Each structure stands twice: as C-alpha cells, then as structure tokens.
Amino acid sequence: MDMAEDRKWGMVVDIDRCTGCQACVIACQTENNILLSTEDIVQQSRSMVWMRIERYWEGEFPDIKARFIPIMCQHCENAPCEPVCPVYATYHNNEGLNVQVYNRCVGTRYCANNCPYSARVFNYWERNTAAPFMDLVPPAQRVAEPMNEYLNPDVTVRTKGIMEKCTFCVQRIHKVSLDAKARGEDIKDGDVQPACVQACPTGALVFGDLNSPSSKASKMSKDERGYHLLEDLGTAPSVTYLKKVDPQHAGTPSRTH
Amino acid sequence: MQERRILSEAQINQGLLNGVLGTPSWFWKAALLLMTVLGGGLTAITVMLLFGLGVTGLGRPVFWGFMIVNFVFWVGISHAGVMISSILRLCQAEWRRPVTRAAEVLTVFSLATAAIFPLIHMGRMWRFYWVFPYDFDRMVWPDVRSPLIWDPSAIFTYLTGASMFVYMALLPDLGILRDKTTGWRRRFYGALSLGWRGNPRQFQLQFLLGVLLSGLILPVFVSVHSIVSWDFAVSLVPAWHATVFAPYFVIGAVHSGVSGVVTMMCILRVAFKWHDFIRPEHFDSLGRLLIPVATTWLYFFMLDVFFGIYGGESRELSVMNQRVFEFPWGLMLIAILLMGYIIPVSAWLFRGVRRNIGLMFILSIMVNISMWMERLWLIVPGLQNKERLTFDWQIYTPGVVEIMLVVASFALVTFGVMLFSKFFPLIPVWEQKEGQVLHEEIQIGRRRVPAIIRE
Amino acid sequence: MEVSRRDFIKITGASAAGAVLFNGCQVPEREMVLESPVRIPEDTINSFENWYASVCRQCGAGCGILVRVVEGRAKKIEGNPDHPLNQGKLCARGEAGLQALYHPDRIRTPLRRSGPRGSGQYQVITWDEAIAELVSRLDDQAKQSSADTVVIATEPTHGLSAHILNTFARNYGATLMAHEPLEHTALYAAFKNLFGQERAPHFDIQRAASVLSFGANFLEPWLSQVNYSRQYGEFRQGGRSRGHLVQVEPRLSMTAANADDWVPINPGTDGVLAMAIAHVLITERLADATAVQAMTGGAGADALAAFRPEEAEKITGVKVDKIKELARGLAAKSPSLVIGGSGPAGHTNGLFNITAIYALNFLLGNIGKSGGVQFNPAPPTPELAANLPATPMRTWGQLASRIQNKQPKPVNLLLVHNANPLYSLPPTLGFGNGLKNIAVIVSFSSFMDETTAMADLILPDHSYLESWGEDSPDPGVGYQAVGLQQPTVEPSYSTRSFMDVILALAKGLGEKTRSGLPWDDYKGALEDIGKKLFALNRGSVRAPDFASFWHGALQRGGWWDTQSSPTLPNPRPPALSRQMSLPGFEGSDTEYPFYLHVYASNSLYDGRGAHLPWLQMTPDPMTTVSWQTWVEINPKTASQMGFKEGDIVIVESPAGKLEVPVYVYPAIPPNVVAIPTGQGHSSMGRYGERRGANPFLILSSKTEESTGAMAWGATRVRISKTGKSYRLPKLEGSVLAVEPDDYKVVEITR
Amino acid sequence: MQEHHHAHTDPRPHLPETPQEITRDLLGKFFNPRGRALFVFAGLLFLLGIVGFVMRVSGGFAHRAEWGYYAVVVVYLLSTAQAAPLLAVATRLTKGYWRKPFVRAAELFTVVGVVNFVLLLPLLMVVPPLEGRRTFWVEWEGAPQAMLFLGMFGLVVCGLGFLYTSAMPDIAAARDHAPSGRRGLLASLARQWVGTPYQWRVVTQGITYFGCFYLMMLVGMHFLVSVEFAISFVPGWRDPIFPAFHAISSIQAGLAMLLVAMGMYRYFGGYRQYFALDQFWNPGKLLLAFSLLWFYFWWSAFIIFWYGRTPAELGVLETTMFGPYKTAFIIGFLLNFALPVFLLIWNPVRTSIKGPIIVGSIILVGNFFDRIRIYAASFSVDPIGLELEHVPAARLPELADYLLFAGVFGFIVFTYMLAMRVIPPMALWELKEYQILTKVRTLGRNQVIVIGKPE
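Protein chains in written order, with the working numbering: chain A, 1 to 257; chain B, 258 to 712; chain C, 713 to 1462; chain D, 1463 to 1917.
The set of hints was computed from the structure by calculation and includes no laboratory data. As the structure is a prediction and not an experimental result, all values here were calculated from the model. Among the hints, a few may not be true.
As the list claims (entries may be wrong) - Pairs of lysine-lysine, BS3-like flavour, derived with a Cα cap of 27 Å:
hint : chain 1 : residue 1 : chain 2 : residue 2
1    : B       : K690      : D       : K1915
2    : D       : K1894     : B       : K690
3    : C       : K1369     : C       : K1348
4    : D       : K1901     : B       : K286
5    : C       : K1244     : C       : K1356
6    : D       : K1894     : D       : K1557
7    : C       : K1036     : C       : K1026
8    : A       : K216      : A       : K188
Said to hold, decoys possible - Footprint (simulated), chain C over chain A, 3 or more residues, beta carbon under 8 Å:
hint : stretch
9    : 12-20
10   : 28-38
11   : 42-55
A virtual CB, placed ideally from N, CA and C, is assigned to each residue, including glycine.
Next comes chain A alone, as it looks inside the complex (with noise of 0.2 Å):
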C-alpha cells in the first residue's frame, strides 16, 4: 500500500451502546474460520474467541448491575506481544496493525502470556478431522463435512499448535484498499468493517482510520467519555473505549486518566 503509511486503523466501542448480545462474537466466528469451540474446548478454559463480551457484575440483590464490556486484540502502539516472539510471528504493520503471521508461529505462547488483555488464542487441538487418530474423538466435538464449505478462501485455516487473535479483519482491509486503488481512488470512510463491526445491531463498535482527523472512529476516539483498557501499562491501545453512562451511578474515580 503506497498511502497506507500514514493511515493508523483503530476501533472505538461505546460501551454504552453494547448490549452484550454475542452478534459480534459469532460475525467472527463465521468471517475468520475460527476453529468451533466445542463443548470440551469450552470446559477447558480455551475457548476460541477473537473476540469475547465480558461481564462483571456490581453490587448485590436487588441493587445489582450487570456491565458488559466486548474485549478483542488491542491492537497496541506498544504491544506487549511483539518484542517477546522470537521468529517475528506477530510484528506492527505500516497500518497500525498488529499482525499475526500464522505460518511463522511455533507456537512458544510467550506472546499471549505477555498480553494484558487476553486478547490470544492458542489452537491447542488438532482441527483437521483427517489427522491420525482423529476418529478417537467424538463427533458432537469435530466440525464435519460439509462444514467447511463456508470456510472464508480470504483467511487461513489455521493447524494446531498456531496462536491467533483479533486482525480487524486484514482481509477486508486489503481487499478494500485494493478495489480502491484499482478505482485510483482513496479508500472512504466507512468503507473498511470488520466482521464484528459490520454486525453490531447497536451500533457500539466503530472502526476507522485514525489518522485521519475526518473519520468517525477518530471523531469519536476523542470523545470526552473516552479511555483506554489498562491504560496504565503504557501499550497505547488502538481501540477506545467510551464510559458506560449510568444515572444511578456514583462514578467511582478511576486510575487512569
């Protein structure tokens, strides 16, 4: 990309506006060939989600309350993840792209125990069902034929031992960017929506370039109810998030700032 120098992608999520409704999670799910997270996977704490909406609770009954706030890759300036990889798997791209390069990954881990956000998921099974002594396991847990004619050709499908994690999407990134450039215009606003952005009914995720002072994302990532998750760290986010707004609420102060 010539002009993709200067062009930054980043996400706002208003939490605010997120009902915790899992559509993003599942756009995901069906855009990025995640492998399924079946009921074992689940039970093993591993599951296989780019993108999860976490919930905390607050208070007691009756006076209790219930935030949802959706976490995907953070997509740091200052990622954590990428001085730890020793073959370069995962490195910041000229977009503002924290990129993870399947086939250079051996799988040490190290970038996921590094991650503040728990943003990384490890493909700890074997997926393809045609491996040896695949038959050993039960079919309620195999994603079977015919179901991988829906299998997106735009992005690998990833074998064991791989990490992966949140690429907003680079597939429709480039493809964008592409269809741009073969028109000889810019790429417009808007035009670029990952998975998750595209589903969202409410509305709560935003994703543009944020370099450019006239897109939304940027507009809204400087919006007054706007932080960082874990900002004290110093990984410098590409996503920002924007204040749940609760009338009953106190607002207790918090530490970053």
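Assemble chains B, C and D onto chain A, guided by the hints.
Positioned in the frame of chain A, the structure of chains B, C and D alone reads:
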C-alpha cells in the same frame, strides 16, 4: 581430615574404576526400571504431537505450566557443576576433589534434559529450529529482542562449556582406562584420551585449561539462569515483572544444584561403595557451603515477596493474595520455607548433621522438593490472575501428560548419569591421587593441623 | 487506471506468487520479504465474490440479509443495509444461518420409514414417489370424505405462504394449525383489543425519551430483536438526550442488565403494577385528561381503587415509592413508551397483564406519536396480508385429546413443517402418547428433530438460503415493506421447497383444491405478487417494465414505501378493568417453594437453533455458559441449600422433573429459579441432541384464561441435590467477575 | 605453578623471625604513630563538616529536596567506611590465610559508624508522612524513622563490639608493654585479659557472632536506607533488587576503602613489610568480582524496566539515570564498573600492589557519584504521590553541602586515626598465628609453602 585413609594408587584405581571395569549387580535392574519410565515420557510426547497441546492442562490465560516449571528446575540443578568445579577450583577448596566430576556430569545431563522441555512445549515442536539464525525458506531471521532467542544461545553455550569441562577433567582418567582395558574398549578410550601420557607438561597444560575454562564459564554460569529468569521478568505478567529475578533465580539454582550434588554423592557412596573417597568431611563442607547460599536465597525470596506487596497495586496484590491465602499456594509457601530453608539450614548448623550421610540425603531431597514447588509458586499464580480483567482468571491443573513428563525427566537425568558411570569413573582418579600427594599436615605443639599447599 | 506490477501479482497470480515466495526461490521486494507470510493467505488472494440479497429465516422477524457467495458456496451472511427493518445489522442467530445450510446432518433426500416408528430406519425415495404417495394418501382421505382428519401443522406465518397454506387447507378441508412454543397469542390479543390491529405495532424506541418495559426482552429474541437493538443504540447515544430505560422483571435478563433501572417483581403481577402506575398517573394529574375520562368512565382514580400503590406493593413486592417514581419518571420523560413482553403474557392472567401495561400508553398519550406506539399499515396486497397466527396451546390440548381418544374424529394424517410440537408441548397434554394413533405422519423438516423422528414420510425442505420466499415483517417498521427471499446457492441436496410441494399437492389433488392456487411453483406465485407491487408504481423500486423492476427488487432485497400513508387505526382509549386478576400457579408454594422462570435462550431461542454448533457455543450473555442448560439460583438460596456452581440438581414440578447443573446467579430473587429454553433435544443432529435439559418437559399445561395461550410462567418447582457435579462450560473464569475498586475495567460516568 | 610466581618470588609479608619480635615491632609503631600532619588536617576537615552539618540543621527540615546531598553523605559513609569491616568478617569466616595483616585495619572502620549515627538523626526528621505515598508500613506512622534509628544503632553497637572483642588480646599485650603514660586507658580497656583458654574461646566465639550480626545489620541497613530514602520517594519505583544492588555496591566500596587504607598503612604508616602482595591482589580479585556484580545487579534492574516500558518504570529510569542526573550516573557507571573492570582484568594490574589501591580510590569516587544520582534525585521528587507526575530538575549542591563533602574525609580519616591511637592497628595475635601456621616444604623439585588450616 581425620577420616582420610592413605591409599595406594592401585587401591584408588581399583576402587574408583569398579563401576567401569565391572558392573554392579543393581545396574541392569535400575536401567530397566528407568527405561520403562522413559517409555512413558516418550508416549506422552507422541500424544502431544498427535492431538496437540490440548492434552495438557494448559488453557487461557495460563499458557505455561509444569513443563516450563520443570525446565527452570533442571536448569537450576545444572548450576551445581560449575559452582563446585570452577568456583571451588578458583578458591582452591581442597575438599572439592571427589565431588567435581559427579557435579559436572550432573550439570551436563540436567541441562540437556532441561533443554528438551521448551522444545516439546512449543505448539509446533517440529519447527523448533526456527529459533536458530537459519532463514532459508522463511526469509526472516529470529527476533533477537525475544528472551526465547537469548535462552537457547545461553543454554547451548553453557552445555558446550560444561561438556568441555567434563572432557578436560576426564583426560587423565581416559589414559588410565585405556591402559587398563582391552579390545574395542581400549581403542575407544585410546581415541578419546588424545594420547595422554601423563607427563608433567601434559598435566600442566591440562591444569591451565582447567583454570582457563573455570574463568571463562563463570559468566555463562551466571548468565544462563539470569536469562531464564528474564523469560519471566521482562514480561508484564504481575509477580513475574520483578527486577530481582535474575540473581534470585541464580542463587536458587545454586541452592538446588548443590543440594542435588549432595543427594547424588550419597547415592554414589552407597551404590559404588566409595566410603574411602566420599567421606563425611565432604558432606560437612558441602553443608557449610549451603548455609550462606540458602540464606542469600532467602534474602532474595523475601525481597521478592516484600516488593510484591509494596505499593499495594491491585494487580500484584491479587497474585500475592492468592499465593498466600488460597489453596494450594498457601500451603506450598509454608512448605517452601520449611523444606527449603528453616529445617535444612537449622540442621546444617550442627556438625553432627552435616557429617551424617543419611540425614544429608533426606535434607538435600527436601530442599529440591521445595525448590521445585518454589518455581511453580513463582510462575503459575501470576498467570492465573493476570491483570485486572477478573473475568478471565482461571485455575491451572496439570494434565496427566505433563506429570508423566516431569517424572520422566528425573528418570532421564538419572539414566544419563548411570550410563556415564558405566563408561567413565564418576570420581576423577587423578584428582584423588593429586589430592593425596598434595595432602599435608603440620605439627604444632602436640596437635597435627591439616594444611594445604599454597598453589 | 494504473495498477503497479505488484498489485497485479496480488490481484491475479497471487497464490502462484505466494508459492514462489514461500519456497524462497527468488528474493522478492523488501516489503514482500517481511510481509509475505501475512499477505499470502489473508491479503494477496481476494476471492471473487457475489452478494445476494435475501431474507433471514432464523426467526420470525424477517430481517434482510446479504449472502456472500464465492464459487457457488455461501461464505458469510450479513445484514442488508437497504432493508428498513435491520438496516445492515444482524444477530448471532442470523449470522449462524450458514451452518443450517451446510449442516452434516441435513436430511438430503425424501425418505420413507422402513422400520418401526421412531426407530430411525428410513429408505431413500425419489421426489416423484414421495409426492405421488402423499397425493394418494390425501386423495384417499378426501374420497372417504374425512379430509378433516388431516392436520397441517406449521410455524406461525404470514404473507404469501400463509395465503397459499390457508387456501390449500380451506380447499382441501384440512385443519391448519401453527405451533410456536413461546407463542405471542396473548400479546396479539391485547393488540387487537387495544389498537384494533391484527399486526403488532411499531415501537419507536429510538425516538422515545423513556421506555418502561414489563418483561419485554426486546434486546433478546422477542418479536424483532435486531430492529429493537438498532433502535436501542440510537435511544442511548443517538445524539439526542440519552433515553431512560426501566425494566420490570423477576430476573435480571440481558435487557434488564442494559436498563438504567431494574425493578424485580413477583412473577405474573405486572398488570397490577401497571394499574398502580396508572393510579398514580391519574391521582397526580400526570395523565392525559381525555384518556382518563374515557378509560375510567369518568370515575377517575376511584375506578382504580383496588390498585392503590399500597395495595400493589403487597402483591407485586414493588415499594410504593418505587411505583410513584416510575409513574413520575414516565410522565417527566416524554415521549415515553410502555411495552410488555413474554414474561407478563406467559401467565394465567396474561391478557390482563398485557392489556393493563399497554393501556398505560393511552394515559401517557403515546399512541401514534413519534417515540411512542406507532401502527403498521396493512401490506400492499391481500395475499401479503394473509396471516396464520400461532394456535393457542389450549387448542393443541384439544387436538391432543382428539388424537388420543379419536373423538370426535381421529387424526389420520399429520403434516408437519417447521414446527416441533413433540419437543415443545408439555407432555401432560398427551400429544406424544397420541402419535401412535395417527396413521401417517409427514414431515417437511430438513433436520431430524423429535417430531420428524416419528414421521413416516419425510419430504425435506430447502434451506432458506436455497429457496424463494417473501416476508412483510411483523412487527413492521411503520410503513409498507416487503422483503424478498431468493435462492443464493444451488440446492446442495435433493430437497424441495415446502411451498413448491404444497402447490404440487394442490395440483395433484385436482381442480377443487387447486382453485386460487394457479401457480406451478412458488417462484411463479412470488412473481405475481411482484407484478402487483410493480403495478402500484410507488416505493423503493420503480421501473419501466416488470423485468427490471423485479431484478431491482431482488437486488435490493425487497420493496418498501416510506411514503405509504395508508389508513392507520386511531384506537379509542379502552376502559380499564376495575378488579384485579392474579396469576395462578401449578403446585402449592409449601410443596414447591420456587417460581420457575423459563426464558428464551439468546442463541437457541425456543430450541430451533440447537442443531447449529455456532449457536451452541455462543456464550449466554449473562452466565456466559454455552452448550448446556443450567438453573439459575440466588446465591443466598444456593448457600442455604448447599449448592455450588456445577452441582447437578433435580428441578421437580408437579408435571415432571429435570436434572440440571446449578449456576449461582446473583441477580435473581431468592424465591425464583430460572431455566433457559432451547436444549434437551432427544433428536436434533449431532450437535443438538442429548445435551442439556428441556424445561418444557416440566411445565404445567396451564393456559392463559381468556386466550388459551400457553402460560409458561405458571409452574412452581422444588429443588433437590443429586450429589453429581459437572464443570459448566462457560467463558467466564474461575472467580465471580467483579472489578477491583481501584481499577475499573468498565468505566462509568453519569 | 601459577604464572605470576616468577613475577613475584614470594608474595607473603616478611614478618619478623619470632613472635616476640612481632610484638615489639608493632607495639613500637603503635605507641609512636606517624602521620600527625594528616591527623591534624583531617581534624580541620572534620570541623568543616560539623559546620556544614550545623548549617543544614539550622536550615530546617521543611524542604526535603535541600537534604538530598546530605543524604548522599550519610549513605556514602554507610556504603564505604561502615562496609569496610565486612572483609574482616568474610575472610575470618572463610579462613583466608592472607587476611591476617589487615583484619584490624578493617575492623577499625567501625568507629566511623559513631559519627554516621549522629549524622543520620536529622535525616529522620525529613522522612515525609506515610499517607498518600507507596510504603511498606501500611499505616504505621513513624515506622521508617524508628527502624532506621534502631538499624543504625544496632549496626554501630555490633561494629564496636566486633572491634573490641577481636582487639582484646592485643590491647592486653599493649597494656603489658605500654609506657606508664598510656597504661591506664589500655588497662581499663583490657580488663583482666590473661589469655586463658576460656577467654580465648570467648574471643573467637564473640568475633564470629559479632561479625555475622554486623553483616546482617549492614545488609538490613542498606535495605532500610535504600527503601526509605530512595524507592519510596519515587512513585512507581517497584524494584526488589535495588536494596541488593545497594548492598553489593557498598561492599565493593568498602573493599575499595580498605585497599586505600592498606595503601596508607604500607606507604605512610610504616608497615611496609606487613602489607605485601598477598594482601593486595587477593582483595584485588574480590574487587574485580564485585565490580562485575555491580554491573550485574544494576543491569538486572535496568533491563526489566527498559523492556517493560510501562510509564511508571520509564519515569524511574528518567529520574535516577538518564534524566537530570545523567552526568552523575555516567560518571558513577564509569568509575564503579567500566574503569575498574578494564583495569583489573589485566594481571599486571591485579597482581600488583599499587594497582588495586588505585582502582580502590577510583571506586571510592565513583560510589560517591552513584549515591548522588540516586539520593539527590529521589529527594528532589515532589510531590510524592501514587504516580510520578514530573521528573524533578537537577539540584546543585549548596555551600553547606560542599562543607559536608569536605567533612566526609574528616569524618572518616580523623575518627579512624583517633581510634588507631587507642587500639593497636595491627592484630598481633593473628599475625603470630599466621607465623606459626606457615611452613616451607620441598615437594618434588621445588619449594612450596604449606599453610595449616585448623578445623
């Protein structure tokens, strides 16, 4: 040195080479047992290869577990050899002589074993060589910023150094063996001994080499475990991100390593009936050496704990809280302190204990159990309560595969040392003789005071 | 336009280039060296894709979808930005539609039972045989003038398909019934009474200043989830002042979790609360005077004497101050909107509840207002206006008994499509036991659900991504809109669309049956409707000739006319009932201490999604549990009874018992336990069957008094230990997720 | 056997032939010491120091930043003079035969502690209240002051006890040979020492215990000082290894201090024959080791902060290393690590007499700058909150500070020389023992020195 019996060279040869020239009755039984355990380990690895690491107890966010703990533990043990051989050699500690070889061999095998674990622990272990600067079809070099690149370089340097150490110290004995054996073994030892004749020049060269290697290997010795510790310390994981880790790990390594040597000496003394060579006085000195080592370890341990709670940052506190008050970590902490310091050190204060082989055996085992737990206690809780996203906190329980591998690792080291003992003497014959030659006593009034020759 | 060499490689010969790079036979440009491994899979190959507009059938809402098709395979379902209902958005269930299409356990050919019933032994037959057999059987019944022994059971439907079904049934003389477990009968009855409309009104949430919801889980699967969620987003941060949402409900549902205020209430007493609010509104002169006049017959507050807040507090458990606060809040924040949902409706006094709730809108003057309750015009053509509402459970009960004791007439032939009564009707009705008395059961399902497993003849339907269809959404969007469903991929198997089969049957059964159904296939029927729309010559798609109109309509996913100003009803305020009606429950509160609160699973809904692994793995928003059924118990109760998470307990009602693992749920009253629907299939494909438990099995057969709708809130249960335990598959970690005080994950402001 | 033998034929001190001669010679030197000019000069500087001290105190305790350099002085005394005795302790515990001539020289430094104790007191008034800042003592107000006070007090007491016990026999000897004028004081100090076996056992035991306690107290004191005066002043500084680094660098400086002192003894004190190569190149080796350790401990902290890259940690690096006090840090780094190591790795330097002395003096300067970059910086942080708001600007010392700097020399040298005039500056009995325990034997063709090592 009251227990020393002056032995003839023949007696020394005969006594020290009994394991090599003849085979003790227990040898094959032990070998068989160990090999079955190793078989178990191999099966475990195969299963991991086939189904993926899912067969372990790891998950999200606890991505590292028993295997890494075990890796750290064995790297720790491997610090015994250099500690004993090189440092004591430089300090001209007389009592080191019978201990050196065994310690060095232990170093080599434990380090080799340790090196296996990060490899099989990788998601795609068949790609392990990608961490080496080899880029052919990938067209990308390893990232030198990653501690996982520092690791292999440090470990393999150390492994090379330690092996050279063993070999260098082995030369004179190889000469003896060559002269004492026939047939293929003679040719074998002959080739290895590099034409050793034992003339003064050779001895002096060999001595110089020893001093030189000792000096050169010391930085490696320190760096290895420091780098291992940085695997953890440079990350942002709470309770890992502590500056004290490097020296803390190193001294802990020496603590467990030297204790490991003690255990081994006890076994050798009994197994090979080496009562004349491995004598209470040696355990005495090892015990005395262990007291300051253990104390320094405790000092760093305390520093780590203090600064864990210092400042009351929730991310650190939650981990420390879990480590102290939650099952099983709380009990583990007590066990670590009791078995790692309080019981053994207070026991070692008494000369009687230090010279009691049975007690020393038990104590040294105790220390290493606690050191293994200490590594677990250090590594896992930080991952379990990573950061303040309490939603993601998870408990780690090891899988059968992991436990099998840990057991197998112990078998592997023992087996390696056994195999070594079948081909080479575990106590350097020449050092024994040298020690006997250099042994001196001085008459002061009515007392005879043991003395050393100022080299 | 200028395309550099590299782009050329990327766009066309990318895979080849990638291979070359990967083998490293050449040293490529720097960027490629560093990025090639990233770019090869994701970025350099961009598949050539087609997008087809269609309609989602994962639930009744009828959202518009776009299907991404690459090389004849559907790859992704997204919302259709053009469609007025969901405007490009979609829910989890809609996204998961792909798996319904490519499910390994789809029924791939017509089948005839070869073994005993329920044995699952079938033989493959051709479509001609299948149709012929069915026609002959129907013909026999007709000849024996016992056409009324034929029952056709489908899901509730409307529009053209409803028209065809109605006509067919009428012509042939068969009984036509629609089944939906969580039926909206009472709700629609209330709409009819209050607004004089068959169709659901349009709730203009996005423009409302305050919303008071009585158990209406409009952010979850209820009526039109995506539409309501989209409006909710605007309602919160749409630029105008932030709307205020209050949720009245026994359990903190996902909707309640998003409310600014959650008011726990005793199950089934919502109506009383609504009346109490009305009482406050009237006494404090906050209500529309004329409405008050009309609704109380001039009596004013005295008419509602029975519902004084003090009285209401005793019954509902909601404090007097709270009641007043709610009333004043509504009055203060106008336009306001009061909606009631399945919770209050699913009780023996459901109609009373719902009526009382929606009546508040009259008092608050929300009717027809922007930001209030708006009405939907009738669809543009009579065919599209046709409607086949859910048959109340009471009627199903009657059918069951008729089947069982063949009185007044037996049922000889049962045709089932997209309905699974065997799964979702309470066993106490005896429907299941009766099946043996039915000579032939024909299923059109594409999956082996419980009912299909008992079928003698299976004529598998297309997946909705393979077939034609149409939907004018109900609830609608306030103006006329028709969504068009078209095949996006070639049918994978030898299946046939249900409507085509019906038309084929009609054809085979002769002129009488065929009258009014002139078409050979559903596509033809659809095009006729298209012609009528074309003739209107208004709305979103206009064209010189029909062909281009039709293509335009299909391309945009339908036809709608925002300007359509058909006559909307202007309902007169109803008279408020003066005496209260309280819910009845099965099981005494001494014997069965807990209310059982059954709610619709966010992903599996009423169980129709259980066969899709993606929906199975979707974490429940509140508990984050997936692949399982659980019973939610208040922490205090749990600790008193010695339950902890994962303990498997027996939940027993007068009707039956279930074994379910416990989830300790901090936001549910101590005397209520909640179980989600959806699981517990005995047969639903490899991913759906034999997991979790089916709460319908322990529901009493109590019905809503006046409408006969299923009262799924009217059951009480008791709970006992089994001693067994099980690790709940959940996304949530090992501790109850509560944020540390000195560092909030979800930061909150006023 | 080792290569430097032909360089120096006999590295040992040339002691007088008989014990009696040793006594006579040394006591002679004791009763009429040299260096009166230095003594007076040091006294003057001492007074200057007092003036600076008074100025500081009269300046009030309100502004913590002003006390930065004062703290530097206190900590510097703690790190150099008060650490010097450690070598006496360590070598005693490890039975280093080359210790004999300088143990007393080392022990005498304990008296400087008395001065430092007084200097510490005003500093206690500067410690800010606990609330609103990171600290160990959760809400135990006044704890830091109390602990520091007790710590320093205990340290000084242990030190004096250590000195007194080990000097007891010599004081007695001096008493017996003293001219009438000086007998009184010595007699009162020596009590009824006649050298019965029991008294000897008391002395040897006392030396061990006081020694060990002194060691522990010193390490503890370094912990307290580094935490209370540095770490807890800089928000976000969570650095477990810092106290250890502090102790290590202090031991290094103490060693340097001792080497310089020995140099004075040899060249100006008239003890030339007692301080031979042995007494310089053995400490030289240690100095090399500790210079390396200095870097190791500094680096272990640095890499963690630098790799972690969290704002808090970068703030700490900025404050104490690469910010306003850059120069001080660089000088300290060069003089404490780079230069010493570079010099000492050369055998000609290390195995010489002047070499270690020069390196020692370099390190004494370096340590001073190192303390500046730590304490001047941490004291100038204001306000002390939970997060570092801005990196404080550099402060230059004021007149009072310069007077104190001058005073440092006086504090050390004056008090030391004062003590030399009361207590024999050479350990007579140790030297005699040494004389008895060394023999020359012939082994094979060459002469070797044999040293007895009583158990």
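These are the hints, each one checked on the structure:
no., hint, in the structure
1, K690/B <-> K1915/D, "holds (21 Å)"
2, K1894/D <-> K690/B, "violated (33 Å)"
3, K1369/C <-> K1348/C, "holds (23 Å)"
4, K1901/D <-> K286/B, "violated (52 Å)"
5, K1244/C <-> K1356/C, "violated (62 Å)"
6, K1894/D <-> K1557/D, "holds (15 Å)"
7, K1036/C <-> K1026/C, "holds (15 Å)"
8, K216/A <-> K188/A, "holds (11 Å)"
9, 12-20, "holds (count 6)"
10, 28-38, "holds (count 6)"
11, 42-55, "holds (count 9)"
The structure shown violates the earlier hints numbered 2, 4 and 5.
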